[in-house]
Structures are given as structure tokens and as C-alpha cells.
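Enquirer: Heads up: the protein sequence lines correspond to chains R and P, in order.
All letters in the first sequence, in the order written, are residues 15 to 709 by the numbering used here.
All letters in the second sequence, in the order written, are residues 15 to 709 by the numbering used here.
FYI, nobody ran anything at the bench for these hints, they're computed from the structure.
There are no misleading hints in this set.
Taking lysine to aspartate or glutamate pairs in the DMTMM-like style, the calculated list, with each CA pair at most 20 angstroms apart, reads:
#, chain 1, residue 1, chain 2, residue 2
1, P, K154, R, D323
2, P, K243, P, D268
3, R, K154, P, D323
4, R, K649, P, E347
5, R, K289, R, E279
6, R, K650, P, D323
7, R, K650, P, E347
8, P, K649, R, D323
9, P, K199, R, D204
10, P, K650, R, E347
11, P, K342, P, E434
Because the structure is a prediction, the values reported are computed rather than measured.
Protein chains: 2
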Amino acid sequence: MDFSSFVTSVGTSFLIFVVLVLLYVWLSKKPGNAVVYYPNRILKGLDPNEKGSKSWIQEALSSTEQDVISMSGVDTAVYFVFLSTVLGILVISGLVLLPALLPIAATDHELRNVVLSGEAKNKTFTDLDKLSMANIQAYKHVSALRANALISPELKPEQYAILVRDIPPVPEGQTRKEQVDTYFKTIYPDTFYRSMLVTDNKEVNKIYKELDGYKKKLARAEAIYAKSKATGKPEGTRPTHKTGCLGLAGKSVDSIEFYNDKINELTPKLEAEQKSTLREKQLAAALVFFTTRVAAASAAQSLHAQMVDHWTVIDAPEPRQIIWSNLKIKFFERQGRQYVVYIVVALTILFFMIPIGIISAFTTLKNLRKLLPFLKVILDEKAVRTVLEAYLPQLALIIFLALLPKFLLFLSKTEGIPSESHAVRAASGKYFYFSVLNVFIGVTVGGTLFSSFKAIQKDPGSLVRILGNSIPENATFFLTFVALKFFVGYGLELSRLVPLIIFHIKRKYLCKTEDEVKAAWTPGDLGYGTRVPGDMLIITIVLCYSVIAPLIIPFGVAYFGLGWLVLRNQALKVYVPAYESNGRLWPHINVRIIAALILYQVTVLGYLGVKKFVYAPFLIPLPILSLIFAFICNKKFYRAFHDTALEVAARESKETPSMEQVFRSFIPQSLNYEKNDDDQFEDALSQVSRTGSIV
Amino acid sequence: MDFSSFVTSVGTSFLIFVVLVLLYVWLSKKPGNAVVYYPNRILKGLDPNEKGSKSWIQEALSSTEQDVISMSGVDTAVYFVFLSTVLGILVISGLVLLPALLPIAATDHELRNVVLSGEAKNKTFTDLDKLSMANIQAYKHVSALRANALISPELKPEQYAILVRDIPPVPEGQTRKEQVDTYFKTIYPDTFYRSMLVTDNKEVNKIYKELDGYKKKLARAEAIYAKSKATGKPEGTRPTHKTGCLGLAGKSVDSIEFYNDKINELTPKLEAEQKSTLREKQLAAALVFFTTRVAAASAAQSLHAQMVDHWTVIDAPEPRQIIWSNLKIKFFERQGRQYVVYIVVALTILFFMIPIGIISAFTTLKNLRKLLPFLKVILDEKAVRTVLEAYLPQLALIIFLALLPKFLLFLSKTEGIPSESHAVRAASGKYFYFSVLNVFIGVTVGGTLFSSFKAIQKDPGSLVRILGNSIPENATFFLTFVALKFFVGYGLELSRLVPLIIFHIKRKYLCKTEDEVKAAWTPGDLGYGTRVPGDMLIITIVLCYSVIAPLIIPFGVAYFGLGWLVLRNQALKVYVPAYESNGRLWPHINVRIIAALILYQVTVLGYLGVKKFVYAPFLIPLPILSLIFAFICNKKFYRAFHDTALEVAARESKETPSMEQVFRSFIPQSLNYEKNDDDQFEDALSQVSRTGSIV
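So that you can see chain R by itself, here it is in the shape it has in the complex (with noise of 0.2 angstroms):
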């Protein structure tokens, strides 16, 4: 790739960034548009326009800290710890090398005539020591917030539970509810509070979301009636639909009274069936509640059972992200699911590195042309050439990792984790491992593969000579790659064209009541599962790069830098979390920065040494401090991330929870529909003295 196609390349993604951010400025002041750039405010019960005199930058740069976790909690505030630390050491890294490492770069050969390098090597030796201690300033910071977050008064249910699995056989003569309450009482005479077991609630799900349909529609059908009786005839028409396949096909009913007859049969069916599944469904897993943070803490902790496959404990995940149906996975079951997962990840990563390669290999024009001969007259073409030249394998590479983060979501639900947010960070581990793997060494290595495979074919030794030299050539697509991620990605990001789209069209066509036009606005979350191995991707090809192409610093500056703004925007109006893990994502993403650390201090070695540089053997001690460093920021701060300590749980709020709310916030939906004093929480409600306030 020449120098005018990539100067092409990033000016077009800089004037579409241009353009979708004046797009968002218009669009975001028209009040209709309010519900898609402002609906966390608007959930919030907050004015979307409350500093309206401000610019949406003055804004993002104006917010603090502890505005950002009162918006949308602490995993996001982490989240801009993880962006802020980048951005320093890119920043760093930029101001110590670009001065040192650009001359290098120009002058490539006479590197041992350069005489700044011994300064250089000196500078980026203290750098990294920056870098290092910027890490572990990072993880106290984030520490402190998870800890501020648990010591909170504010109730958390899941702070006073632990979740139970592996319970052994009911012994005879005992009902699996006596068992578990038995056996805890036995060992926490004094915190107990009660127990919930876990049941197999897929009947009683299918039921539920089938009524609740009819429910939906049902108001559908009286929004359409209402409507049509204010419009057309004061009579109105009532609203029909076919039967049959689709709603095409089939006998024509009237719809209220098709709805209304569905509901009434379904109720009393769904109640049988919750009545039914807690008394028979009861699985071998169950949420136990205690009266003190400290004891379900303690619990949570501790090994229970002398056989370790028994009775196992972990800390209850918030009741909205249990994936109830692992929880009856019994302990070597998930032993084994998760080996054979990892089997199949191993599997995928290898497999994708074929249509990879190929893909990189064809779309260099150089490649195309030499294989497709009759393309030639296209590809001449000035204009084709660089436009295709720009973006053909960068569009090619983000359509293909864009599918599947979703695979691996099911894959890591499939190793049996109870916990949604848990499941998050597995896949976004994997989504990793994969993005690294495939993207950096896939095109790096298959890249230069392809077009000197006949070399190699004659002379199998030269194959590492071949991969030192022409890396190199890689370069400027990793730089496209890079610009057209930020201008444009973080463009669409801010503008939000597709949910703004998708918006109008269900609003005017699809939506009849106002809970399907909420629906229809209702955002997601920040979605860190593919996000943050995203960034991870950028920040190690950032790195690694910046010594043969120092250029890739300043993109990087401006992918993090952009990033930063763009999110802090989004956190602050738009994305509302869908759950909060406290910050459990950190050291997950401290241990990939050192890992891209290390992978960039390797590189730079192995460059130096290609080259013959000197003084490389001096750089030596970096990688090995790096560790030392990985080293001890897991055994100082790891432990607080799985475990909640002590004296976190022990600053008690003053006030005596309401330990009912705290029980029923575990009550499954479909469980909890109408009536909810079934026989399992009857039968523990009589046991307990009510002594807080019931919702």
C-alpha cells in the first residue's frame, strides 16, 4: 500500500467521523429523537437536556468519576480506568519513542550509526517502569472502588446470599428443603436466615412467556380498538387475526376476545405449574440467605463439605444475572464441560485461521492481480484501486470478528457459569485469544506466507529470515485498520444512525402501546464482551507496531483518546448496564495490558536483534520485571476481586435490612406471578419474625 492510498484511506474515515458527529449534533437536539441519545437520563427520571447550554464534549470532559458510576455503576467507571491507562501508557509511549524511534525507523540500516539509541534505550527502560507503576496505581484505584461500592449501605441482596450447588442426595426420611435448612442451621445457628432452593423452571417459563404474550398482545389489540374507535366510527372495529401459520393462514378470530379467552385458560395452567415445580422440581442447588454481610462473606469462602464436590459455595451473582438453568450442573460435569469448550475454542481458533489467511493473502491488489489476471482492467482503474486498496481487507476483517462474539457468549454459558457477568468475561477472555491469535499473527504471519511461499518452498530455512524482514510491510494495514476503527466505528457510535433508524420505523409502523414503543427505545448495555478484547486487539497491535512504524502511536492515542470522549458521552445519556459485577472485569484486563506489555517489550527485542542493534541485550531484564510486576499486582489485589473481604462486608449500613426483600429479590419471574405465598416461601416466611419493612 502506497503512501496516497493510505493518506486516502484515513482522510475518508476522518470526513465520515466529521460528518456523523454534525449528524449527532443536529440530530440530538430534536427533542423526538430525546428517547434514543438520552434514555438512561430518561429511565433515570432526569431532564435529558439538563446542562443544555453545554457541548457534549464540555460535558464528557466536565464529568467525574462519580458521575459515571451513579449513571451506570462501577463496572463502566472501570471501564474508563481500563481507557485512561491505555491512554497514558500510549501517550508515554509516544512522547519517549516517537523522538527516538522515528529517526530509526527512516534510516532502518545505519541503526547502529544512530547515536540517540542509547539514550532511547535508556528512556524507554525508565518508560516502562512508568507503565508498570501506572498498572498498579490503576489496580489500587479500581480496588478502591469495588471496595467503596460493597461497603455502600445501599441494600444488595446478593450481598447477604451465597448460592449453593452439589448438594448431596436427600437422605430418607428428609424433604430436600429440611435438608438444606438442617444442615445449614447445624454450622450458622446465629446468621442463618433461610434458604431458596433452586427449581427446574423451564414448564413453568414456557407458560409464563406464553401469557405474557397473549398479555402484550392482548393490549395491543385494545390500543389498536381504542384508536380506531377515535379515529374512524365512534364504534370502532375490532381488531382481527387468522389463527393459522403466521397469523396468514387460517380461521379469522376477534382478537380481544381470542387474547382475553388464551389468558383465562393459561392462568389457573401457569399457577399449577409454579405450585408444581416447587414442590417437584426442586433441583440439587439453593440460594441461602444469611442476616450479616460478614456471614454470607465468610460462607461464601468457605470450604463446607470435607468432600470438596459437595455442598460447594460460591458468592451469590445478582438475581438478575443468575443463569438459573447452570445451576444444577453438578461439579465434575462442569469440570468437564469447560475442558471440552476450551477443546472447541482451540478448535475455532485454528480453523478460522485458514479463510483468515486466504482473505489476507487475496486482498493485497499485489495478490489479486497476480492470481485473478482478468480483474487487471478493474483494478488499474486509479479510482478502484484505492478506494479497494483503503478498505477491502480492513471491512473484510471487522465483518468477520463482528460474528462471533456470540458463539463464544454460548460456549462460555455452556461451561455451566452460574453468573451472566462471569459468562461475559469468559467469552470476552476467549474473543481475545481468538482477536490476537487470528487478526495479529493470522494476517502478520499468512500475510507474508502467501506471497513468499515459493521461497520457502525452495529453501525451508529461510523462513524466519523471510518473517523478521518483511513484518515491516504489515504495518500501514494495521494503521488503516486502526483509523477506520476509530473515525469510523466510534462515528456510528456517537451518531447512533442504526438504533436512530430502527427507532422510527418500529415507532411509526410496528409499535401500538406505549410499552412497545419503550421497547423499542430501551438500550442495551455498554457490552464489554466484545469491547474490551477489542480495545485489547488495538492496544497490543499499537505496541507491538509502534517500533517499526512509530506513525501507529499517535492512532492509537487517538483510538483511546476518541474512545474515551465518544463512551463517557454514551455511558453518561445512553447505555444503561444490565448488571454490575463491582468491577470483577479489572484484573481480567490488567493481566491482558501486561500481557500486550510483555508482547511489545518481546517484539522489540526481537527487532533489535534482527537489526543487530547493540545495546539490545540490555533490554533483556523489561519483560522479566513486567512479570514481576503481573506478579505481584495478582497476589496484592486478586483476591479482593473473587473474594469480598471482611472488612469491607463488615461496615454494616445501621439500618436492620428488610431481610424479606432481600429473599423475594432472588424470586424467579415466572415463580412470582400473582400469588407468591406458595408452600416453599410460606412455609419459611411462618419461620422468620418480620422484621422489616415488606414490599
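With the hints as your guide, set chain P onto chain R.
Expert: Just chain P now, kept in the frame of chain R:
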């Protein structure tokens, strides 16, 4: 080594063994020797000859596991589980492998023609499965032993305490004691009993030891004086001694007066030092006591501080096995020390490779004659030659290995491990690596390399071939090594000749008081630190060589069979355990048994591969299966050995324990001299209602 020298060696060993056993039977019946042969019974207040009519073999065979536990504790019982498991493995291996492998080993190169071998493979397969299953059974059994020991209503003070280290600096305006008490009272308002700060006892220990020494000397002088009254003149001779170097020079003084003066001088000094130690020499560590076992067990497993390197807790070791001087070492210093020790151990292993290699190379007669031709005349003497061939190499090896354990124990304590039993386990692990690497690999490879050095110099590629072919030559070396170890080693063990001689000399010439006599016969413990790795080395050698020299299996069976018998006798009658870790050494043993099995399976594979045995690939799943078994064992059982399961701790004894007795049992002797109502203790005592009985 030819067959005759092999027979000579084994025969001589057996003869020595028979003589030693006969000596034992004769000597142990003399009443004057009872304290040497039955010290454990005597110390427990039992009649040494309670089962007088039975022979020692009958007694050992008829003893139950419960007998072993009541006489020598759970650790010893676990050691016997280890011996019998290994014995079982070898008996099964012998039954299956001997009929199949003996003909193979005999016919060797016609291996492919042996029809039996397919069958042998299948047998080995099911056999190995059984071995792994036996391992799981053994693990389950030991786990139950541990649980029973922990459930027992007998008061174990360490079950009510945790050890807290890395206490942060004392906040302004608080004492260390207040800091600790406040911290734990906040977290455990109901179950916290009191705390005991760890102090720097170096000075007070020194004075205490000096004072104690003078007291013993005074008692001795008084005994001499009393005796002189009885035998000589009625007024007696007052003993005197010189105060100078070694009691040989200087002024002659009246011993009784002199020691009384010293004691009167030191007693107030000790009291003053005790006071100042308790007040001023407090360290950043403490023992914290709880009123229930569950609270202590749960606290020991929970994270207390948000910064993982502050307020670190572990379960308290038994009072008698706390290594007090290690308690002050800080979190990251412990980590650092650990890695430094690992490096030192690795260097030791590598460094010792050289002398052992040289010894083993020199000590084959052929080599001696080759290298030291002037010895030819002596070496060609038939008698000299046979004896030398039989014993030289093995003796060098055994003496060599005996030097090491103390050094490794010292290194393990340097790591900062807080309990004696843990340090012994750590040392035992190091000793295992050392002995397997050095003895097994060093002697095998070293001996082989030395004799083939010239061949390799000419053609380095021949190394693999030489190794594959020449390992069998070393088999007889190990055969005699094993025979020597069990016949002579267990003979000496049973007959206790060395302790017997030392005891009689001491009693006759040195001991004057009853205490001194008792000190002369008080036995040590079984010494797992060196015994376990020694046994592990034997099982590794026997398993690995069983393929190429199946005759080694009966030797292995004899080693573990005789070992079981002799040590059962010793455990019931002689040794007194120095501490009780409730079987915590088992996981350590189990993982090494499986490691030996895997090494064995890989050896089989390699050997059959070298011999081009067509069915060899079918054996590849074996090591993988073993790994899975190891994984399952570890997952299912290990944590119950590291932590105390709460269901076990929850079975409280009916009686309320005397919490004061629990507390007092942790006070170091040197601080608890005559007055024990000093400030620290008194302060704490006054806060507690004295519910329990005071001892």
C-alpha cells in the same frame, strides 16, 4: 555386576538382617532395655509387656489402625496407608507383570514373537486402572481419618485459633493490642474471644534457656552430693567445678552454691525481660481466638483485608509446632524468600549431580580398573572384588543422601513457613526431587555417559541410542541398592542398636538425675521428612525398572512389606510424634505416587518403543488417564486437607471448652515461667467472663 556378586550382596544383607532381628528379640526382653524398646508405651503410662505372650510380628499384624492412631496419631496412620497402598500396587504389579514380563525380559529381542504380550498389555491396562482406583480409595480413607480427627471432642486449642500476619502499622493513638482487638471485634462481634500478640522472644528465650540450664546443673550437683552422702562419708562431698573454659581452667567453686547464686541472679532478670517483651517487643502478627470451632475454621479461610497483603490469616498451627521467629516475616518477603530458596535448591540439585555422577562412574569395578590400573592387583583378588562390587556404590550413595535433609529443612524454614509440619513437608518435597533427579537419573545417565563418553565424542547422534540400550545395565545396581536398604536399614531400625548403645553409655557415665536418664532414652518421631522421600525413591526405582528387570518387584514388595511390619512395631512401641498435622502430608504423598506411576508408564512406553513393540501405541492413553485421576483426586479431596470443612468443625463437643486453657496453651514457655499474670494476659483476661474451668 555378575550374578554371583549380586547373590553375595543380597545374601550378606539378609544374613545381617537375621542377626539384627535375633538381637532385637533377645535384647528387647531384658527389662533394663525397656526404655529403649518401649519408650512410647512407657511415656503413655502403659505396661511395656502388656501383650507379653505374642511375638512382635504377631503384635504388629494384629494391631488395628485405631491402635496406631491412639498410640502415634493420625500422621502415622496415614504413613501406613501410604505403605500399604504402595505394597498393594507392587503386589498387583508383581502378579500381573512377572508372568508376562519375565519371559519378555529373558528373550528380549524376540519380543515381537511373544504371543503373551498382547495379553500382558490388556492386563497391564486394567491393572493400572485398579492402581489409580486404589489411590482414590486410599485418598477417601485418609480424608475420613482427617475428618474424624478434627471432629473429635478432645480439646485441640489450634481449632479455636487463627494466625494473623502482616498487620498494618499501628494507627496513631492506638496500641497494637487495641488495633487487633478492634479489627476482629468489628468483624466477629459474637465469636471473637481475645487475641495474643506475637512478640520478639529472642532475648527472653536466651535468658530462659540459661536459667533452665543452671537449674538442671543444680539438680545434677545435688544428686551427686546426695549420692556421695549415701556411699561415702555421712556428711558427703560437696561437688565443685572450675568456672573457666570448659570447666577445666579458672577458680574452683562449690557447684551447688554457684548455681544457686546464678539462678537467684537470673530469675529477676527473666521476669524483667518477660515484662519488657510483652510490652515493647510486639510484632505485626497475632493469634486470634474464637469461641467456636466453626468461627475459627471459617475465619482462617476468609479474606479479611481489601489489600490481600494485609491482615493475612491462616489456621493456627499446633502450639508445639509454631515457628515463632518466622511469624514476623512480611507477605512479599515470604514470596521473595520462597523463590530464592527454590533457586538455591535447584542449584544444589545441579551442583550435586557432578560428584554423584563421578562416584557412580568410578565405583563400577571395570571403571576403577580402567582408570586406576595400579589397583589391579587388589581388585583381581576374588573376595575383595565381590565385596567391593556388592557394596561400594550403594554405600557411597546412602551416606551421601544422609547428609542432605538437615540442609533442606533449614532452607524450608528460611522460606518463612510458620509451622514445623509444613516445613517438614516442604523439605520432604525438595528431598524427593533431589533424590529422584540425582540418584535415579544421575546414576543411570551419569554411569552410562561416563562409560560411553568416547563413543559419543565421535558421534553425538548416538547419544539416544546409547541411553536406550544401556539403562538395563544399571538395573542390578538398583536391585542391590533396594536390598541393602531394606535388610540392613530395617534391621538396624528394629534392633535400635545405635540408640541402645548410646543410652547405656549415657546412663552409666553421664546421667546423674532421673531427668537426665529420661532425656537419654526419650525417642524422636518417625521422621517423615526423610522417610517419605526415601520410600518414594524406592517405589519410583522399582516401578521404572520393573519393565526391564521384573525381578526388582519382589524386592520392592519385600521393602514395603518389611517396612510396614518393622515400622508398625516401632510406631506402637518406640516413636513419639513431635506434632500432629492430621494427615496433611497425604496429598503430598499421593501426588508423588501418581508422578511415579506416570514416570513408570512413560518408561514402559519408551522401552517398548525402543524394542519396536507393535502394541506400544495402545499404552499411550495410560499416562493421560493417570493425569486425569490425579486431577480428580486433587479437585475432590485436596481442599479439605488445606482448609477445615465447616461441617466437620460444626460438630462441637458437648462441653463448652475452657477458653482460658485454649489461650494459655499458646503462651510460649519462656513467657510463662513462674508468673503468668503479666499485663498483656491479665488485661485480656479481665475482659472475659470466666465460664470454662481453669486448669
